[in-house]
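Mind assembling these two chains? They're in different frames, but the hints should get you there.
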Amino acid sequence: MTMDDNNLTFDKITSDLTHHIRINKGFMVWMGFLTVSLAVCLYAYSMQLRTGLGVAGIRDYVTWGLYLANFVFFVAASLIGMLISAVLGLIGMKWLTPITRIAETIAVAFAAVAGLIIISDMGRPERLAYVFIYARPQSPILWDVTVITTYFVLSLLLLFLPLIADMAVIHRKVASLPSWLKPVYKSLSLNFTDRPEQNKIINRSIRILLILLIPAALSIHTVTSWLFAVTSRAGWDSTVFGPYFVSGAFVAGSAAVIIAMFFFRKNYKLQDYLTDMHFNNMGKVLATVSLVYLYFNINEFLVPGYKMKRADAVHLQELFAGKDALLFWVVQLGGLVLPILFMLFRRFRKPLPIMLISIAVLIAAWFKRYIIVIPTQEHPFLPIQHVPQNFVHYSPTLIETLITIAPFILVLIIITLISKFFPVIPLHETAREKGIEHIKFD
Amino acid sequence: MDDSNTPHSNNESENQKGSSRRDFLKNLGLAGVGVAAGAAALYSGHIFEAKKEVSGDQKVLLTQDGKLVQVDSLEIKALEKNGKELHETLGREGIPGRRWVMVTDLSKCRNARKCINACQGAHQLRPEQYHMNTLQMQDTPGTAPYNMPKNCQHCDNPPCVAVCPVDATYKRPDGIVLIENDRCIGCRFCMAACPYSARIFNWIEPKDAANHQGEEYNVELNVPQKLGTISKCLFSADRLREGKLPYCVEACPNSVYYFGDENEDAVTNGTTKETVRLSKLLRDNGGYQLMPELGTKPRVYYLPPKNRLFPFEEAKDATPEKV
Numbered sequence: 001m002t003m004d005d006n007n008l009t010f011d012k013i014t015s016d017l018t019h020h021i022r023i024n025k026g027f028m029v030w031m032g033f034l035t036v037s038l039a040v041c042l043y044a045y046s047m048q049l050r051t052g053l054g055v056a057g058i059r060d061y062v063t064w065g066l067y068l069a070n071f072v073f074f075v076a077a078s079l080i081g082m083l084i085s086a087v088l089g090l091i092g093m094k095w096l097t098p099i100t101r102i103a104e105t106i107a108v109a110f111a112a113v114a115g116l117i118i119i120s121d122m123g124r125p126e127r128l129a130y131v132f133i134y135a136r137p138q139s140p141i142l143w144d145v146t147v148i149t150t151y152f153v154l155s156l157l158l159l160f161l162p163l164i165a166d167m168a169v170i171h172r173k174v175a176s177l178p179s180w181l182k183p184v185y186k187s188l189s190l191n192f193t194d195r196p197e198q199n200k201i202i203n204r205s206i207r208i209l210l211i212l213l214i215p216a217a218l219s220i221h222t223v224t225s226w227l228f229a230v231t232s233r234a235g236w237d238s239t240v241f242g243p244y245f246v247s248g249a250f251v252a253g254s255a256a257v258i259i260a261m262f263f264f265r266k267n268y269k270l271q272d273y274l275t276d277m278h279f280n281n282m283g284k285v286l287a288t289v290s291l292v293y294l295y296f297n298i299n300e301f302l303v304p305g306y307k308m309k310r311a312d313a314v315h316l317q318e319l320f321a322g323k324d325a326l327l328f329w330v331v332q333l334g335g336l337v338l339p340i341l342f343m344l345f346r347r348f349r350k351p352l353p354i355m356l357i358s359i360a361v362l363i364a365a366w367f368k369r370y371i372i373v374i375p376t377q378e379h380p381f382l383p384i385q386h387v388p389q390n391f392v393h394y395s396p397t398l399i400e401t402l403i404t405i406a407p408f409i410l411v412l413i414i415i416t417l418i419s420k421f422f423p424v425i426p427l428h429e430t431a432r433e434k435g436i437e438h439i440k441f442d
Numbered sequence: 001m002d003d004s005n006t007p008h009s010n011n012e013s014e015n016q017k018g019s020s021r022r023d024f025l026k027n028l029g030l031a032g033v034g035v036a037a038g039a040a041a042l043y044s045g046h047i048f049e050a051k052k053e054v055s056g057d058q059k060v061l062l063t064q065d066g067k068l069v070q071v072d073s074l075e076i077k078a079l080e081k082n083g084k085e086l087h088e089t090l091g092r093e094g095i096p097g098r099r100w101v102m103v104t105d106l107s108k109c110r111n112a113r114k115c116i117n118a119c120q121g122a123h124q125l126r127p128e129q130y131h132m133n134t135l136q137m138q139d140t141p142g143t144a145p146y147n148m149p150k151n152c153q154h155c156d157n158p159p160c161v162a163v164c165p166v167d168a169t170y171k172r173p174d175g176i177v178l179i180e181n182d183r184c185i186g187c188r189f190c191m192a193a194c195p196y197s198a199r200i201f202n203w204i205e206p207k208d209a210a211n212h213q214g215e216e217y218n219v220e221l222n223v224p225q226k227l228g229t230i231s232k233c234l235f236s237a238d239r240l241r242e243g244k245l246p247y248c249v250e251a252c253p254n255s256v257y258y259f260g261d262e263n264e265d266a267v268t269n270g271t272t273k274e275t276v277r278l279s280k281l282l283r284d285n286g287g288y289q290l291m292p293e294l295g296t297k298p299r300v301y302y303l304p305p306k307n308r309l310f311p312f313e314e315a316k317d318a319t320p321e322k323v
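Residue numbers (this note's numbering), protein chains in the order written: chain A, 1 to 442; chain B, 1 to 323.
Chain B extracted, bound-state conformation (with noise of 0.2 Å):
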């Protein structure tokens, strides 16, 4: 290069220099933001996507309204307050689609009291206190004794519903009439309105109230039980909301007791676990009701006493005298 001829153009190409430098440097500069920015979108799209882990394990649930549906197990929350959101709407609201339908086979019954014990323990109960009671009956002098379990009826037409001044009793539209001891105000109206004595009232203090206070009460269970408020059968809200038989049913050794939904017209022995049709149940076997005379029209029936499989024993009485 001729230095003589250049000084011009040195200062030309200094200045180009210096140009591209300060170029270069913001085109950096560019690309530091750029990268930073790219970055940060990866990495929050990294959270993102870390969030919505699939774990793969898809589980299959029914939902309230009664359909299956397939949700992916992280996806499973449990609900923070299960207790107080049953308690203020599923406990009310029943399970949607449902007429839950008891029948009581009375030619098996031999007074084992399995029921009762299953019963009384789900139900956090004292010895003498009955959701479900086996009664010894006799309808005449002339005709034979048999064995009766007596659970509340779940009367469509339910007396004690009428008479509740608090709506502290409730009939849902699944057929099961609940309690909700939060707002029973203790009058036992309804236990002189039931005409089955299938009422009972915590009198004393419940069984073990030390051990259950604080838990959540949970309607569909009626635990814990409370003091100076009504207690009864529910047919185990609970169990079926969790798509399993009632306690009672599932403790049966004798096949008495069959359970299902009448929109089904389906019920299912709790001891064989067999599924019949209702009404072929009751017309083979001549399915009866109690006191349907009084229009209560109750939601369970019975199979008449006819070739019992036991013979009848005077039962055995292991309540105290006197509570």
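Chain A extracted, bound-state conformation (with noise of 0.2 Å):
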């Protein structure tokens, strides 16, 4: 810490991390635009429920276009929960608990909405419950649904129990606290008074809660790759499918979180709290999880790259040097081999390089889920032909456009809330850590 950690009284920590809590014009600007964003999107997406889905670019052969990229995607991001308090936080790095919150926030936020983005993919989205009710357990659809839901209820355990002991402290010393608030956190805060039996019960709620969260995330993504890898399409019919998508949304994950990490320093002022320090950390995290994607990439394109069977060659000749090869490179080259060169050296691990570095890899990473999910349905097995043009190759249209961007803004009004009105940073551990015990309740 920069800081002289004896000067850091309970008091500073408290009002160092709770003074945004308040409603300012630039939360106003910020919601208003976000809310108006999404009456946009949401428009777009009654005029789908109206008119069906053929509002959209896919067709016969894509037949499953952005909406599913996008599916895949935020499933992916929102598997970093379990990488940074899971899996991170159980061998003991200290340096993490800053960042838990951030990273369960995200979980929080991209679960609850890959929900919703399969909905929109839906032809019949007033059939949903036929799910549940006609629920085959063959399919795996029934096991992402199942999965998911398991996942984002842990995810959000895992963000509530650590904020009771934080909204015991704010209901009762943020003054700047809108008053119709206050009784919101007190009966949020179930009574905690920090007293040693409470502290036990939440400690070991947390510790059950982390190590359940480790294989519902692995499942979450491992069964949203066999959404395509039970099929025996060129490009999808792989054995290394489920690694190859939970280390590639590790990498998407570990993107989000560094992004997230630096707007919050700058905006809520953390600069205290979010060293250089934790931006160094995440960086090596970033190439770490970086490096083991690239290594199930190599697996995946060169193995059956050796071999050139008939379908397989038909469809890695597009992606190598065909019609998808410029996205192609540039999502491999630009979001995978570029950054973890760059993030070998720790002036590019500094928090503005290692944001932007971020940024170029969450950008290649949705761009690498259209890779995956759109041009192997461009080469089936048969030909297509006597078909209009547009069901040979797909392009999105506008409306799909605007209906892929609203699930974006739903996460960031989901994180926006959540950092507005709760520490970013977990209070109660950080005083802690500080060696500051209990918390003084008058």
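Treat the hints as calculated values from the structure; they're not laboratory data. No false leads were slipped in.
Below, in silico cross-link-like pairs of lysine to aspartate or glutamate (EDC-like), each with a Cα-Cα straight-line distance of 20 Å or less: (1) Lys322(B) - Glu378(A); (2) Lys244(B) - Glu262(B); (3) Lys297(B) - Asp237(A); (4) Lys307(A) - Glu293(B); (5) Lys244(B) - Glu274(B); (6) Lys309(A) - Asp139(B); (7) Lys114(B) - Glu250(B); (8) Lys307(A) - Asp139(B); (9) Lys173(A) - Asp194(A); (10) Lys309(A) - Glu378(A); (11) Lys171(B) - Asp261(B); (12) Lys171(B) - Asp156(B); (13) Lys309(A) - Glu293(B).
All values derive from a computational prediction rather than experimental measurement.
This is the structure we're talking about:
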């Protein structure tokens, strides 16, 4: 820490971490902008509801388009909660404390919205309940619904439990808190008074959640990869799809966390808590998961590329040198290989450069899902003939693009609300790590 | 008669007369009741008889389990909710005792596209929507091109059925893979899973949707088509129930299609109406299946395009530019 720890009183920590909890003009303008944008996108969705999925560019051959690529991306981004809190947290990395809540917020927001994206991709969204009424356990869709719901609930609990202590502090100590919110925080704090037995229950529950979170998180992205891998199509028919997707998810999620850290640090003046050390370490995490992802990419493309079986050959030629080549190489080199090379150097793991690298990685991660989902469907086993040109080549429509943007706006709204009304950095845990053992409640 | 001696007897005879009149009246009443009862019985008997009147016109019908029965034509009643009945039971049970199978002779196909037109007409499909589509194939650069009609292969190990989350598409005991568009949620997982690109989706309002509004849904014909749901070849399950050949098979002018029952080992050519042994047809002509290595076990066989009867011509597309 750059600050002398001895001078850090509990009141100072409280005011540093909660001074942003007030409804100000900037917040209203930002939320207003998000709401208007969302309304435009929802209008696009209402057009799809009225006239059917035909308003999108997807047709009989490329039948899964932007919506499904987007769904895969959202499930991927949500996985970061598990990596930061569960995997790294359980092996005892203390420096993570100020990042855990950011990671959990991202996990909850992306997991919640992923479920909505799937509804936007349904031809008959009003029959959503059939998935439960006529549930067929043989179908990976049912597995996906089950594990995503489980993961969302676990992540929500993991976000909430450490907040109990924080809310007990906020409703007593934060003067800027709007009066109508005080009773809400008070009831959500569940009468927490920092007694040892209360802390014991919370800590034990968090530990159980962290352990449960690992299989749940692995399941959501593995099952999502199986939506593709259980088919026999070239490009999807792969045995490494599970780990390939999971490692790719950690890349997208780590990049999202770094970007969020940068903006919270700047906007909420958290320079003393989210230090260069945190960006440096997160840069190392991103570089590590990117290397793992690169390893799976080599397996995924080199092995079928070496054999060049007929269907694989058509698919890979389009990716390597054909219609999708530009996108493919920009994503693979610009979103994976170059960032890894840059991140090997400490100076690129400073807050600003690592944030810029993360933006490139995150955008590439989205287009990577496009490359995984769409080109395979343009090369089925049997030729595409006697159909209109727009059946042969997929190009997304404006309405489809707007409906694809909507989930991003929703995620931003959820993250904005959570970070606005709660400390971005766990207050109680930070205080305890600074040696302030007990909070005095009067 | 001596009057002086007979007052008593007179009285007596009066009494006797009176009593016999009463008896008569009593008997008459009883008889009346009896007649009325009898008449009522006769009348109700008449009604009963009238009800089971026989027209003498005997119809021979095939029951669901494949037995031939003789029924008087007056006793034949149409099912009140035919579509619903089909929908709930028959559509899922299939036609007992049958294992439908199709054989497509590639040496005879000249891409006349009559099968496609008949199919699209029956299933209310747009010109770019195919349950059956004739593809122009060339397996490798050195081999000759040929026309290949391609429909749903009605796999015995159907990947589409495996992935359906709501049991909207299902495999029937008679071999047909059907789709119930009242239940389909439109997730299109089945389309992604099908290696034969056999499935289509109603992206926009189906053809002439306004004209077919309110029609009872027939799962064996999959009409009316519904927006936001899947459609595909059904082996004309509605025609099979009537003992007829599928629409495409019957419409072909070039003897391409054979259709029949694997259990009977017999298939009938749709053009010549000639019935042949399935096993012999496949054996003599080198019958094969599409992509058997995928393990889907198709119920459609192909006879190779050997000694083609027609020259191969590049097909002209009649489909619109954009839909």
